[in-house]
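Take these sequences, add in the hints, and give me the full structure.
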Amino acid sequence: MSACERIAERLDGYRDGELGFLSRWRVGRHVAGCRECRQQFEALGRTGDWVRQAALASATGAAPDFWPGIASRLPALDAARREEAAAPGRFAPGLFGPVLGGAVAATVAMLLWLALPTSEPSASGVVRALYSQGRQVVVLEEEGADTIIWVMDERGGVEGVHRDGAEINRVSA
Amino acid sequence: MFRLRYALVLGLALGLPAPAWSEDAPKQVHVRLVVTHASPKPGPIDPDVRDLHERLSREFRYESLRVLQQKDFKLGMQEVASVKLPTGKMVKVRPMHVGDDGVLLSVSIEGSVSGDYRVRNHHQVHFGVERYEDGKLILSLEANY
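Chains A and B, in that order, give the protein sequences. Residues 1 to 173, numbered by the working numbering, are exactly what the first sequence covers, in order. Residues 1 to 145, numbered by the working numbering, are exactly what the second sequence covers, in order.
Think of the hints as simulated: they come from the structure by calculation, not from any bench. The C-beta atom is built at its ideal place from N, Cα and C for all residues, glycine as well. No false leads were slipped in.
Partial list, derived from the structure: chain B residues whose beta carbon lies under 10 Å from chain A: (1) ASP51; (2) LEU52; (3) ARG55; (4) LEU56; (5) ARG58; (6) LEU104; (7) GLY111; (8) GLY115; (9) GLN124; (10) PHE127; (11) ARG131; (12) LYS136.
Computed Cβ-Cβ distance ranges for the label pairs, DEER-style: (13) B:ARG50 <-> A:ASP12: 40 to 50 Å; (14) B:GLY43 <-> A:GLY33: 49 to 59 Å; (15) B:ASP101 <-> A:ASP16: 18 to 28 Å; (16) A:GLY33 <-> B:ARG66: 45 to 55 Å.
Next comes the structure, spelled out in structure tokens:
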């Protein structure tokens, strides 16, 4: 994988400000010096603008079929909605209050559920990227032990039988 | 005079090719690749792969383990080492970066998986690659720096 390909995978995160300091610095340095990656980054920005405009059009009734779930997540649209809500006489809280309250409560509950730690043991984080070309792969990672990456054979065989007896692939005769 | 000195220091600082922390990073990585055959037929466990057997036997059933080939490489960053498996497929390994949490290796196994792995010193990664004869080929990889 070339440096440009690695950078391309991070461009989205870079644009959205989701990268850590070091990654952000690396991507920024590469984009500044690489014309192709810079063009790709600029194209990404244009796509984002287009989506925002389409979402705004949906909110104002110009494109009623646009998926409202996406629209509600866009910051620019949120700002537009806040402005609309601030306008006098446009909002009837008595009617929508219970519905909105329920939606907010559900969102908060979902965020809390996502933030809670899971009971699964933490992996050692050896595998950073894995391309299996459509084949089944089992990754066995545990703290303090070597990592096993097992590519399942399409025809089955001895490799398909896990020690605990569970058949994870067809066993050949 | 002061301006000249200031400009010289600034120029040197701006002209540094990489951040200071990378100067301490090892420039070479020792990579060991071992190809083993796991078979359902009764037979010996090769003493050279006792560690592999201890790890693997907890997860999979087989009766014998035999080392087919072992190769050691000293690789610089972005330098590629290649090994040909008994099936004729090529394995390519390329160290990309050494950090506090290990060396980042790009491993490509022809016709199978490819990926990036962050491997600490003396940590081994075992790939159950593909069928070979009556069993499975296992590629073990260890990187030290």
